[in-house]
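Asker: Given chain A, work out where chain B should sit, using these hints.
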Amino acid sequence: MGRYISRQLTSIIPTILLSIVINFFLLRAAPGDPARVMAGRDNPTEEQIAAIRAELGLDQPLPVQFWRYVQELAQGNLGQSIAFKQPVFDLIMERMPATLLLTLTSAVIALTVGTLLGAIAAQRAGGPLDSTLSFGNYALFAIPSFWLGLVMIVIFSSKLGWLPTAGMRNVRADYTGWRDTLDVIQHMILPVATLALVQIPIYFRITRASVLQQQREDYVTTFRATGMPQPRVFRRYALRNALLPTVTVFGLGLGFVFTGAALVEIVFAWPGIGRLTLDAVFRRDYPLLLGVYLVLAIAVSIAVLLTDIVYALLDPRIRLR
Amino acid sequence: MAQSLVTEAAAPIAAPRRPTRIRAFWQPFVESRMGPIGLGILILVALAAIFAPVISPEGPFALGGPRLAAPGTDGHILGTDHLGRDILAQIVYGARVSLTIGLVAASISLVVGVLIGSIAGYCGGWVDILLSRLTDMFLIIPAFFLIIVVVATLGSGIGYVMVVIGLTAWPTSARLMRAQALSLRERTFVQALRALGESGPRILVRHIIPNGIQPLIANASLDIAAAILIEAGLSFIGLGDPNKATWGRMIFDGRTTITTAWWASVLPGVAIIVTVLGFYLVGDGISYVLNPRSRRVRG
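Heads up: the protein sequence lines correspond to chains A and B, in order. If you use this note's numbering, the first sequence corresponds to residues 1 to 321, in order. If you use this note's numbering, the second sequence corresponds to residues 322 to 620, in order.
So here's chain A without its partners, still in its complex pose (with noise of 0.2 Å):
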């Protein structure tokens, strides 16, 4: 077991280096001139411009660039953020938390709910009940997780007042301890429900595949002519063999949250990685897009091995490959 975790290991890092020097070229490689828009839009001189740039270290070639950056990385050091002339880790750290409290908390939920009623729906196959979860799941599927959201605040905060509508605490209390918490927890409640809706699909669509193609095996059908209770087949052996997949795609599927997460974070004001993302985008702040981009491949890198790992102690005919 441990030679196949180091073998994962070695394995990702690789990956997280080609993304480090991809990301550093095509980030440079799109037009837009962060010392054009640090210089403000009343008239700066060329010269004005010029001396921005040379104090951000834009004006060297950029392989000298690249090479001052992979130096800085190899101490730790991400950077200094341009527009909010900040250290690009401290304020990446300063929003993790909040970002990771909305991603995990919905990915758990949607795993929960999807799973179980994809095996529901395959038990049922072809009846309508498996009918309609499809189609439903479907519907779920093709909405937008910001319209959601959006929705969402129109029915559980504007009309029924329910629910707050925005941000991640009540700035005009100033909670502390439990009610502190308590407040926290009524502010995730839309955001959860909306990004954990939308990931219901994926783990519904894998878990029922993955369970109708172990009813399949001839292991089940064995089993049933042994004369063993149907549902002790399905529970005992076809349903444990049939999340293997489930646990993969929870990995992948984390960083497809995350992006999820950036627009359902700006519709519910959530201070997040996306919102700082989107920050960084329109002013074109390099150092911390390439901070946020080098932390996201690493925390999916992380997420997928981690499932490699958990798919590996389920299954011990991946660690003998």
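Treat each hint with caution, since some may be false.
Derived DEER-like restraints, expressed as beta-carbon distance ranges [as the list claims (entries may be wrong)]:
| no. | chain 1 | residue 1 | chain 2 | residue 2 | range |
| --- | --- | --- | --- | --- | --- |
| 1 | B | Leu368 | A | Asp180 | 51 to 57 Å |
| 2 | B | Ser504 | A | Trp178 | 54 to 60 Å |
| 3 | A | Ile185 | B | Leu611 | 43 to 49 Å |
| 4 | B | Val526 | A | Leu100 | 32 to 38 Å |
| 5 | B | Ile343 | A | Arg232 | 22 to 28 Å |
| 6 | A | Leu244 | B | Trp347 | 45 to 51 Å |
| 7 | B | Leu360 | A | Leu100 | 27 to 33 Å |
| 8 | B | Asn612 | A | Thr10 | 33 to 39 Å |
| 9 | B | Ile538 | A | Ala225 | 44 to 50 Å |
| 10 | A | Met228 | B | Leu368 | 52 to 58 Å |
| 11 | A | Asn77 | B | Phe346 | 42 to 48 Å |
| 12 | B | Arg342 | A | Gly2 | 30 to 36 Å |
| 13 | B | Leu611 | A | Met228 | 30 to 36 Å |
| 14 | A | Leu160 | B | Arg342 | 52 to 58 Å |
Read the hints as simulated data drawn from the structure, not as lab findings. Using N, Cα and C, we set each Cβ at its ideal position, and we do this for glycine too.
Answerer: Structure of chain B alone, referenced to chain A:
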């Protein structure tokens, strides 16, 4: 219905007619139940897009109407937005944009995915390792952020949006195509072609790709849906084409008045959902046709 039953029963007696390719596709497609519903939806959306000038002769940007009129008032079937523009007109013109973006972006990603996947799978060795790593990496990069960066810098013209979406969506197709090429490479007919001295690129283009492309077609339908959703997301954060009426842009424009005039942003959202659902259902139908193993379960 009754007539079709008669012909079905009579057919084997008259002549053992070989099912045509269209029939071989159409019958299981109808059987899938999801497919025909999706096709029906898409035909309606396409008709709305084609006849947009007939449905609303004044175009999507005509300002004359009352502001924030509720659906059904003053001849505005779906109401108006904060500038007095007709919602229905914007939705039918928006269908043109969404369908174009979806089709073009998905075609680009299909072409790129097929090329990269088939080369990786057919050549093997270091070419495969390199291309597969590249594919994995594009899967890991949060594509939406990348698209935002490019569109925010290059400009949000519809052309850029289509190309950029297409160029970030190919990894799934590439993976599918690679798997196909890997297995086709070992088949006898390919071995025979190689023994006969057929060149690599020719085998790839003439034999590997045509034989392996089937699973990618169902996937292309999903790619179209994804592209439409991405464009809506872009428009929603203000990066849509400013000269086009798009559904995402309508949601973006309407969100400031959403508590007083819900229709301005809720209805274009419904248009997105219906269209995307149409593509998903058609994709479901196609994969049902292509995957005989799933048929037994449902049939």
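Asker: Of the numbered hints stated previously, which ones are contradicted by the structure, given in increasing order?
Answerer: Per hint list: 4, 5, 6, 7, 9, 11, 12 violated.
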